[in-house]
Each structure stands twice: as C-alpha cells, then as structure tokens.
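Letter by letter, the chains look like this.
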Amino acid sequence: MIIVVIIILSLIALVSAIMAIISTDMVSSIIFGGVVSLVASVIYLVYGSPDVAMTEAAIGSGLTTVVFLFAWFRVKHLGGKE
Amino acid sequence: MIKRFFTIILMVFFASLFFPLVGLISDRDSVSSLAKDYLVQGRDDFGAANIVTAVVVSYRGLDTLGEVTVLFAAAAGISLVFKGLRNEGKDKKYRVNPPSEILRTGARVLLPLIFIFGVYIFINGHLTPGGGFQGGVVIASGILLAFFAGNIKELNHGFVTFIESAAGFSYVAVGLLGIWLAGGFLDPRFLPMGEFGSLFSAGAIPVIYSLIGLKVGSEMSGIIDAIRSY
Amino acid sequence: MMTNLLFILAGALVLVGLWGILTRRNIFKIIIGFSLVDTGVHVFLVAIGYVKNGTAPIFDKEYSSLHSLLNTVDPIPSALVLTAIVIGLAVTALMLSFAVRLILKNRTLLVDGKKELKW
Amino acid sequence: MVNPVFLIAITLGFAFIFPLFEKINPKLSRLAGILVFLTLVVIPLIWFINISNMDIPYIYSSTVGLPSNLTINLAVSYMEALVLLVVNGVGLFVYLQEAYSKESPWKGKQIILLSIVMLGANGLIITRDIFNIFVFMEISTISLFGLLSCSSDDRVFEGGFKYMLASGLSSVFYLIGIGFFYLVAGTLNLDALPDGINFTGGVLGVLWPLFLLSGVLIELKPAFANGWGMDTYEAADYSLGAIMSGIQATALIIVLTKIIPLIESNIIMPLLLVVGSITFIISHLQALGQSSFKKMLGYSSSAQIGLVLIVLGSGTNILLAIVLLLTHSVAKSGLFYTGKYFNECGSGRDKPLLVVLSSLFVIALLGLPPFPGFGAKWTLLQILGGKSDVFTIFIILLGSLLEGVYLFRWLGLKIKSDRDSGLVVSEVVPDDDAIPGYSSSDTIGVASQTGLAGLGGCIKVHFSSDSFSYHQLFPALMAVIMVVSGVVFNKGVGLTFRFLIPFSGILFFVVLDLFRVPTKFQVFLAIVASIILGFYVYPELNGFNTLFGFIFLFGIGVQFIAFFNRKGYSPGLMALTVGLLVSLISILTSKTNFQLFFSWEMMTLTSYFLVLRGDNAFAGGYRYILFSLASAFFILAGFSMLHGIFIGEYMSLPQNLLPVILIIIGIIIKFAGIGVHIWLPVSYAEAENDVSSIFSTVLSKVGVYMLFLGGLYFSKRVFKGVDTMYLLGWIGVLTSVAGSMMALFQEDIKYTLAYSSMGQVGYMILGFSIMSHLGWISSLYLVTTHMMFIGMLFLSVSGVIYRTGTRLMYQTGGLIKRMPLSFISALFAIIALSGVPPLSGFGAKWLMYSALLEKGWYLQAAMAMFASGVAFLYLFRLIHSIFLGQEKAIYLNVKEAPAPLLIPQYIFMICVMAISMFPNLLIKPLQTVIEPYFASTVRWEGYEVISALGYWNGNAVMYVTMGVFIIPLIWLLIVNRHVYKVKQFNIVYAAERPFKPETTHYAYNFFGHYQKALGFLVEPLISKFWNGTGILVNNLSGGLRRWNSGNPQGYVFQILLYVIFLSFLMGGTN
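Which chain is which? The protein sequence lines are A, B, C and D, in order.
If you use the numbering used here, the first sequence corresponds to residues 1 to 82, in order.
If you use the numbering used here, the second sequence corresponds to residues 1 to 230, in order.
If you use the numbering used here, the third sequence corresponds to residues 1 to 119, in order.
If you use the numbering used here, the fourth sequence corresponds to residues 1 to 1070, in order.
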C-alpha cells in the first residue's frame, strides 16, 4: 500500500521535474520545480524524517521558489523564449 | 545534434553508474553503530527528545555553525552582487499592484501568528520536528508577507543587521561557554538538563536553536530583500 | 524495497537535472536543473538513512524499551540533509544573483549568447 | 595548548560582530581585523614551535565534550600547523593589502567575506570529519563568490557563474560520495573508522571513492576540466586570484591527503599519478599560450596542483608535497600582487623592488634555489630516481621547463627596456632599415647600433617617488620569509653553511645598492672580496679544482677592473657578478651532488639576470635561461639516478648508461654544442660588454669543468656500440667548425666573438674526449689560455664599442692611430687565438693535434685544422676592419680606450706572453693534475715539451717567429719612403659616388664571397629547427586552449567527462 503511494508520488515528482525543464513558460517552470521539492518533502515524511520534510517544504519548495520568482521578475523583460 | 548525442551518451553512462546499485541494495535492517550510540545516549547526553536535533545542534554542532555561516556569506555575497544595482534592471512593466484591503488586513492578523509560529518551531526544536532553520524560514516568510501586504516598505537594515550580528556572535559565544563551563565547544550542558520532554530541558539546545532561528530568519530576509527589486 | 524506490527517484532526478543543465540554453533553466540535481541528492541521502519500518527518531516521555529506541530511521543522514538543503538554498540564491547580473549585462537570457571569457 | 576550535571561533565571531563594530568605529574595526588575522598566524606558529620542540605529535579536540568518535574532531599535527601558518599568513597579507589599499579599500561585507574565506580554509585543514569538510568547502567557495562580485572587471559574473556551476556539481558529487561512504563505513569520522571493513570492494567500494575524489579533484581545477576556473581567474581581481590559488587550493590539497589513506593504495596512487601528470603538462601548455597574465597564473596554479598530485601519487614523503604546495601558495600570491603593480605601470625597469620581488617569486615558483621548492624537488627526484621511475621524472622536468618558458617570458618582458624590440637582431649582415632608429646620416652622438649599450650607465634606473610603496612592503616581507625558509629547508636537505655565502654576498651588495654606494666603490669591494675568497678556498682545492678555481677567481677578478669604467650607479650589477663568482667557486667546493646542483642553479640564475641587464637583451636572456634550464634539468635527471653518490667519486657510481647520457646532454647544452647553441651568440652579444667578456672568458668553461669532474665516470661507456666519448669528440669538433664558420659571416663584432668562443670551447671538448694524457693536457691548456686571450679581445673590442658606439665592423676603421694600445692587445689576442706561432694558442693546437694523431682520429684532426684556418680568417677580418683601413670622419677624434678596460687586457697579455715563452709554467702543473688519471706521455727537456710525435720549444718558436716578422718589418720600413699617399676621400680611387657609401666599403660583408661558396654550411637549419619547435609548442598550446570554449555547458560537459574518466581509472564499474 505504502509502496503504491510512494510510486505515485515519485512519478509526480519526476513528471514535474521534466516539466520544469521542458516547460516554455519560466514561471510555470519555477513552480514545477517547487512542486518537485514539495512532493519530495511528503516522501521524506513517509520515510520517517519529519525534520527533513519540514525543511524541504519550507526552504526547498517555499523559499527557493520565491527567490527564483523574484530573480525572474528582475530580468524577464529581457524576454527570450528558447 | 552532436551535442545531443554526447549528452545522451553521458546520461546513459551516469545511469549505468547508478542503477546497478538499485538491485544491490536492500532496506537496511538497523541503523549504523554510530547512530545507535546517538539514539541510546542522546537522551542521557543532552536530554533531547528529537535525536535529529541533538545531532544537528550538538553532536554535529560544528556543521550547523558552518551552515549558518554559509547562509551568512551567501546573504553578504548577494547584497554585494546587487549593490549599486538598485534601480537598473528593474522591470518597468512589472509593478506590484497596490495590495488589496483583504491582503492588508489579513496580513495584519496573520503576521503576529506567523512570527509566533516561527518562534514556537525553533524553541521546540529539541522536542518536535523542526528547529532553528525551519523557524527562521517561517519568520522570513512572515516578512515576505509583510512586503506583499505593504506593511513594510523597506527592510530596516540596521535592525536586521543588529539581530543577525548579535545572534551570530551569541551563537559563537555560547559555543565558547561550552568550552569553559562544560566539556567542549558547543557543548550545551552548561545549562541544567531539566525534565526530559519539557520545554526548558536539554541544556542550552533551545537557546542555541533560538539563536539559529533568529539568525537564519534575518539572513533569509536579507537574501529576499536583496534579490527582490523595489 | 523502500530504499530502492527512493534510489531510483534520486537517480532519475539527478539525471533529469543534468539533462536540463546540459541542454537548456536559458540560464534560469540551467539553475532549475541544478536545483533538481540538488533535490535528487537530498532524496538519495534520505534513502541512505532509511531503516526497515523505521519511525522518526523522536521520543516521548514514556519511551523506554531498547527495541522501540532502535526502530527508528538513521538520524545522521537526516542531519546531513538538513544541512545540505540549507546550503543548497544558499548556493542557488547566489547563483541566481550572479545570473541576474550576467543577464542584465549581456541583455540576453541565453547562456551562449555572449562569451567574453574563453580560452 | 590552544584548542584548535579557537581558530574557528575567533574568525567567525569576528565575522559576525564586524557589521556592528564597523558602524561604531570603522577605523578601529579594521585594526581589530589585523589583530584577528594576526592571531590566526600566531596560533599555528605556537603549535608549530611546540610540536616540533616538545614532540607532541597531535593536538586534538573533539568539539563537544564527548568521546571523539561521536562528534566532529579537529586535529593539528606538525603538517597542519605548518600549512595553517602559511595559509593564514597569506590571508593576513591579503587583508593588509586590501583593507588598506589606496583605491577602494575593502570594507564591510568584503572584510566579513574575507574572514569567512579564512574560516573555510582553516576548517578544511583542521577538521577530521568527511561531512564537515563538505560544509567548509561550501563556506570557502560561497564566500569567494561573494568577494568575486566586487571585482572591477564585470566579466567576473560570467566567470563566477561558470565557477558556481562547476563547484556546485563538485559538491553534489562529494555529497553522493559521502552517502556511499556512510553506507559502507557507518561513520563520517576519519578517526573512528571501524577496522576490517573492506572499503573498496564491490560496486559501492568503487563508487564512494569515485565520487568523493571527483568532488575534491574538480574543485582543484584539474586539466582537462578547469576552464571555468581559468575564466574566473582572468576576470577576478588580483587578490582573488591570490586567494583562489594561494589559500583555497592549498586547503583542498590537505583535504585530499585526508581522503587518500581511506582508499586502497594500489588504486589511488596510480590514479593520482595519471591525473597529476595530465594536469601538470596540459595546464602548463595551456598557460604557455596565454596573453592574459592572470589567466596564465591561473593555469600555472592548476599545473602546480598537478605536481603536488604527482608527488602524492608517487608515494614519496607527503611532506615534500606540502613543501611544494606551500612554496607555490606564497610565491603565487606574491606574484599576483607584483603582477598587479607591474601591469599598472608598464615597463618595470624603473621599479627595482618590483623587479627583484617578481624575479624571486618566479624563481620560487619554478623550484629553483634558494627556495624550499628546490630542495623538495631535488629530494623528490632522488626518491623517484631510486625507484627508477624515469617516466615520472621526465614528466616533472618537462612540465617545469614549460613553466619556465612562460614565466621567464613574462619576467623578461616586464624587465626589458623600452627600446628593446624583443627580437633577435639579424645576425648576419644587418639591413639598415631593419635596425630601429638607425639611419646612416646619424652622427656619433646618436650613432647607430644595436648595441649602443656601451659601458657605463646603460640601465637607467629611476628611483621615482613610487618606486617603493607601502604595498610592496608585504610582498617583500613574504619574499624574505621565503628565502629564509628556503635556506633552512635546503640546509636540511644537505647544504652546508658555505653555500649561504652567495646570498650573503648578493645581499651585501644589494644593501650597498640600496644606500646608493657608487659602482666604482662596489667594484673595489668586490675585488677585495674575491681576493679574500681566493685565500679562503684555495687550501681546500686540489687537482682540477685548483685550476678552475684559478680561472674563475683570476678571470673574474681581473675583469672586475673593467667595471671601474662605469659611472654612477648600476644597481644589481655587482651583486649579481659577485653572486656569480661565488656560486662558481661553490661549484668547485661541492662535496655532494645536491651542493653541486644548487650552486649550478645559482650560477644559472645570477648569470641570467646579468644578461638581462643588456639594453636589447630580452631575446638573448630568454634563450639563455631556457637552454640553461633545459641543461640543468637534464643534469638533474641524471643526478637523480646516481643513488646519491657524488659524481666526482667515479668508482662507486652505478654503471648504467642512462644517467651518463643525460648528464652529458645537459653539459652539451651548457657549453652550446652544435645544435643547441642558438642561445649562446645572442645572449653573449646582447649582454653588456663587460659582462659578455666575463661570460665568454669564464662562464663558458663551467661546462668543461663538469666534464672533467665526472671525467672517468663518463668515459668508457658504450652507446649502441659506439664509445660515448667518440660521439662527444665529434660534437666537439663539429661545434668548433660550426662556431668558426658562423663567426666568419657576422658583421656584428660581438656575434663574431661569441661564435668564436663557442668554437674554441668545441676544441676543449674535443681535447677532453680524446681521453688520453695529451688530450686532457691540451684541453686544460686551452681552457686556461683561452680565458686570457678571449678576455683581451673582448675587452679591446669593448673599448672600441665604447668609444665609437657601434658594433658593426664596417662602420669603424683605421682606429689603429686612435687606439694603438687596444690594437696591440687585440693583435696579440688574435695571434694567440688563431693558433699561429709564436703565442700560446699555437702550443695548445700543437698539443691537440698531437693527441688526435696519437689517438688515430685523423678526420677530426683535419676538421679541427680547417676550423683553425677559418678562425684565422675571421680574426684577420676583425683586426683589418676595425683597426686598419680607412679612417672614418666621425671617428677622427675618438680617444684611446679608458684605462679600466686596458689594464685587464695587459694583465692577461703578460700572462699569455709568459706562458708562451715558458710553456712548462702551465703544462707542469697540468701534468700533476692529470697524473692520477693518465700516465704521462710527454716529457720535458729544459723548455722543450717532447711527445711521441715531436717536440715544442716555446722559447725557440718565439725567437724564430720574431725573426720572421722583424726582417720583413725592417724591409717595409725601408720601402715605405717611396709610398704615394692618397687622401682619404679621394673619390678618383673609388670610381663612382655610391648611393649608399657603406655598401662599397671594402669591409662591408667582408666574406660575402665565401658565403656564396660555403654559405650552405651556415644555413640556419638549426635556428629553423628551434623556431619550428617554438611554433609547434605554441600551436599545441593554442589548440589545447580552445578546449576551454567559454561555454558554461561545455564546462559542465567537461566535468562530467572527467568523472567518467576517473571512473575508468578506478577500474571501471561496468
């Protein structure tokens, strides 16, 4: 049972990761990146590491995403689709 | 095209480096002997219910001190990078809309709660999951919210610097106290152990974690502040 | 079994991240790729620390038996990951700030747009 | 004892409190910074002293008061204390430079970041926990990135971004490695590793070392994955370069030494060797083609790290690696600073202190004496030689040579004068248009030539107000500390007190220079010093050493008189010359190979800087030092295989051929044998005149000395069925033919003399290689007399150049009336040199032909005779063009050469006359010298020397020849009354008025017609070969540089490739 959950979570993380790389819109790319961290933090919780999970959620998916977004807003006017 | 090809070859190689392991390794049956020592002695040594906290703050306290330093250095570095760039590179079209009334009032209600929550997380680090870093981030997110809601227009640099410096210096000072009053650097046992599981227990661990929380909170706020364009 | 799953996820994340670093031309994408690699490594470390049927290494007042004591996940990798995550944030943020300066200077988001330093 | 944790606590406390402190009082806070950085130096110093005095092996601290296996440990042993001392010293130096710099001093966050950089380095060095290493690695890189952003060059963001990607990846690898390691070992503590676990078995056992090593190695910027680092070096400020290479790389090597013992040595050692070798060679090659100074230093750092890896991988003493590392650390950071000031001010000639400092740092970096790197390299090579590890020796020496190529090029370019084009001026007939600043209408005041640098006041050193500044104080201090530590270290390796004399000599005269003591007075002191030196060393010299001691002391001592001709100050001149003399004497008194080689290198260096003093000497000096280095390295390689037995002790030396060949090749390069001679003419010609004279008379003999020193050891070796001495003999004779032929076609008189002395040395080699009593006598006889007559010739010519200001022979003429004394001296020298009777040169030739015939080397004898004839031709031309013929209008009122130039000539002349008339004055002592080696084959009857092939009576020859000359002279005097005198400018006799008068001058291109006939002999094949080699190396370098494309993704690609490369080295997993 728990394994199925983990597999599903892993798949979500992987798909988000790939989306983060291939998505053409930078904001959604950044958000996808955050989702990877968020899912990872859930996985950590399942694996008995609540401390890590909290940190990953707060820093990995929260703060990092915010920093990314701020940085992006500073330069996005320079445009550039790939 | 050649680049693609080589990339694929590299990826395949790295995959082949990693994935044989998947079959080889199975779930561990028990923790390592060192971890066993921590688990068994953690309570007696430091009286911390959360062994991870005991490891982070005491057994491997030097790592944590280093970690705080890394953040500190990064914050200083980022502010140097953006020094003199306050206006340049600001996206003219990007402008934060004036915060809505709901956000503003909501923030006014939420902010104290967020700060209290942050403080709660780091002073309870030795009992529950979480600690200085997580608490610090929560505080920083509170400050972020305050930015959005317009409660603060600009970070009070003097104040933040003061907190940052004072907390950092106290952290080192507490570490040194450990040398003189207890067994060694960052030894938290110069304060009474207290009753296991209660707030005031585990020697100086809550103190250290609080200092870390303050420091991390102010450093993170500094990073956000520096990277954000006004 | 649980460890292996996590291993696969970690490896996959690292590979996806590396792939992103190597193939994307947008600097931001490269940094995102890098932070994915970072996440992958964190997952890997957590996997290292997992013990069969382990619980969180947090005790309440009543715990006493050695068995329950040792039936936890390894706290050391957890501590390491904690540190690594924070450091990862610091690196990423600094990298972003350099990237912003670089982009503002070169007026392009593309990494190979303007190479002033080579050979 | 101080707890190691205080290093961390102090730095960190300072970094944290600094912002508050600075707000209160900026000045005081900067002072506090000095205090903190000073403490960082003092603490390791205390440890260092205590550990070495009280035999406390280890200072140990576990951070929390718990058993050490539970916590993070810090440990300091002898090695760590030493490294900390140096690294923190460099840190203090950077702090003092930057916090107090004139323009934009560091403040606030920058100082914080600098102290965090120091924290990171200190932590890396003292921690004993694998994960803690990771944290400190991140601390030091992140604080470095912060500092980078303040560089004045805003390309630094590009470089920094690449650096971040690379270091991010390397820390990812390191983390993965930690994970695997923990899985295998169950602990992260290096001191608490459980026994009995097979760390390197199975897939896991390969993976953890692979990833840990990848993490550390990539941070060390190994070739071929180091482009990102180099780009950062180029854009970053100088002090950041110093931090990167002086502090961080050093700390990371220490990390590596902590990881190495964990891995099975049969895996890690070859790996380090391969990785180190690749980095060492490729990085040097890449540095070679750099035009950016900082990038060049960056590549050089990377290469030096490669060298340290080689040392670690060769399994020799780890302390050697540390010494090399620390020398590099200090020298490189010093060079970054002097380079900074140099690049701000253009030519360095008016910045004497900078020149001295840069030279010292370059020398230290190359591992030359007197710095610690020298002793370390020597010891290393001895150990490798003992293991017969020829390949590693080859790699190390090749890399060091490549390093010399670009470092000395940079140094030379910085020191050269503004007039120096940096090119070799055409050696054969120069085209007027090709000579900058020359036009035929120039009068004497600005006259003409390439080597206008006559005697006296040629280097104009301006001591301007910024010649010495506060900021050079610290590099100077560093240099002094390095010299002292070098002396101490080398003394530990095997120097005796005596070998410190060159330094005291140099130092003494440098101090005189600092106090602006006039050169004339310094010369006087130098003469006194050489006399004292003579009395001091004479008693312990014997055999050959006495003879060569006489040549060195007497030769240089007499020529010191010529220096009296200099006016004003010539900073450095006497220091270097005395240094040269003393190191030559040290060569004679050496009792071990180490002492010998040490003095040899000192000789090379002092003479190199003497060459560089010339006004147009960049190219010459450059060639000189490169070939000298190559020569020294060949000798070094040979020495390393002798198992520490002194080369002078023939009997106990090992019998294999390789060291003999290597040493002989080294010697051949040093005496400029044919094929490797291209350095000689240009460096002799472009040095200052009085210096060239010393080179040609004395320094050219040092190679011959080495041959005689190892004489018996070298002989009787068979190389592919041929006696090595037979080959050497051919090289000697070919050198003399080539030297004479080349001399024939020179228009520039100094080139003529330079080639001439090359040819004469060829004779000496030939005589040596005969390996018989007569051969050796002839060789040594020539050594002695050649010193005298080439001295006469050179000084006489110096006088001419000094008075006329030109080195081109056809531009002078008819000077016999103006400079009769010089003429007489030149005439005697020429008679002696060309080997015609009656002077001593004849005796030398006679002995040599006898020896050759006795040996049965008829063809060689014929060629030697041919060369002798050619020698007569060019000498005839010399005297004919300069002293005879038409007087030039512009030289109508030149005066006789100044007395300081004439006196040594006449001293030499008296000696030559004495030896010519009484050959046994010289031959008798020579016989006693050679007696121990060969039984005598000549005997004496009165003043007659009798060999199996005839006899030679110096007196009789003299009288006969005098008779032969006097009779025609009398006859000429009688006929002279009837001679019709033509006015000098009577153009009837010229038949036309030429467009360019010089071309019709009879002396212009004097032997042009011979050149048509024999020119193919002097076709510059050899120059072409060496130029081709240079171009090849440059192209190679250019190609290698292109590997670093500047694209961040390319660099990531390289890094991943590097990991794969490492995994194959570790045995491959799939």
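Keep in mind the hints are simulated off the structure, nothing from the lab.
None of these values were measured; they are calculated from a predicted model.
Cβ atoms here follow ideal geometry from the backbone N, Cα and C, with glycine treated the same way.
Please note that a few of the clues may not be correct.
Below, simulated BS3-like cross-link-like pairs (lysine-lysine); rule was C-alpha separation at most 30 Å, straight line [as the list claims (entries may be wrong)]:
{"#": "1", "chain 1": "B", "residue 1": "K36", "chain 2": "D", "residue 2": "K258"}
{"#": "2", "chain 1": "D", "residue 1": "K258", "chain 2": "B", "residue 2": "K83"}
{"#": "3", "chain 1": "D", "residue 1": "K340", "chain 2": "D", "residue 2": "K102"}
Simulated restraints on C-beta separations [unchecked claim]:
{"#": "4", "chain 1": "B", "residue 1": "N156", "chain 2": "D", "residue 2": "M269", "range": "56 to 62 Å"}
{"#": "5", "chain 1": "C", "residue 1": "L104", "chain 2": "B", "residue 2": "I9", "range": "53 to 59 Å"}
{"#": "6", "chain 1": "B", "residue 1": "S33", "chain 2": "D", "residue 2": "E103", "range": "55 to 61 Å"}
{"#": "7", "chain 1": "D", "residue 1": "L20", "chain 2": "B", "residue 2": "L181", "range": "21 to 27 Å"}
{"#": "8", "chain 1": "C", "residue 1": "L104", "chain 2": "D", "residue 2": "F391", "range": "48 to 54 Å"}
{"#": "9", "chain 1": "D", "residue 1": "E103", "chain 2": "B", "residue 2": "G158", "range": "27 to 33 Å"}
{"#": "10", "chain 1": "D", "residue 1": "F1025", "chain 2": "B", "residue 2": "A15", "range": "31 to 37 Å"}
{"#": "11", "chain 1": "D", "residue 1": "L477", "chain 2": "B", "residue 2": "N156", "range": "41 to 47 Å"}
Where chain D lies over chain C, by a calculated footprint (3+ residues, C-beta under 8 Å) [unchecked claim]:
{"#": "12", "segment": "40 to 51"}
{"#": "13", "segment": "75 to 82"}
Status of the hints after comparison with the structure:
Pair hint B:K36 plus D:K258 holds up; C-alpha atoms about 26 Å apart against a cutoff of 30 Å. About 39 Å separates the Cα atoms of D:K258 and B:K83, which puts this hinted pair outside 30 Å; it is violated. Of the pairs offered as hints, the one joining D:K340 and D:K102 holds, with about 14 Å between alpha carbons and a cut-off of 30 Å not exceeded. Restraint check, B:N156 to D:M269: a C-beta distance of roughly 58 Å satisfies the suggested window 56 to 62 Å.
The hint said 53 to 59 Å for the Cβ distance between C:L104 and B:I9, and at roughly 35 Å that hint is violated. Hint check: B:S33 to D:E103, Cβ distance near 58 Å, so the stated range 55 to 61 Å holds. Evaluation of the 21 to 27 Å hint for D:L20 and B:L181 yields a pass: the beta carbon distance comes to about 25 Å. For the hinted restraint 48 to 54 Å between C:L104 and D:F391, the CB-CB distance of approximately 51 Å keeps it satisfied.
Roughly 28 Å separates the CB atoms of D:E103 and B:G158, a value that falls within the hinted 27 to 33 Å. At roughly 51 Å, the beta-carbon separation of D:F1025 and B:A15 lies outside the given 31 to 37 Å, and the hint is violated. In this structure, D:L477 and B:N156 meet the distance hint of 41 to 47 Å, their C-beta atoms being roughly 44 Å apart. Remark: the segment 40 to 51 of chain C is confirmed as covered by chain D, as 4 of its residues place a Cβ nearer than 8 Å to a Cβ of that chain, reaching the required three.
Look at the segment 75 to 82 of chain C against chain D: 3 of its residues bring a Cβ nearer than 8 Å to a Cβ of that chain, three or more, so the hint holds.
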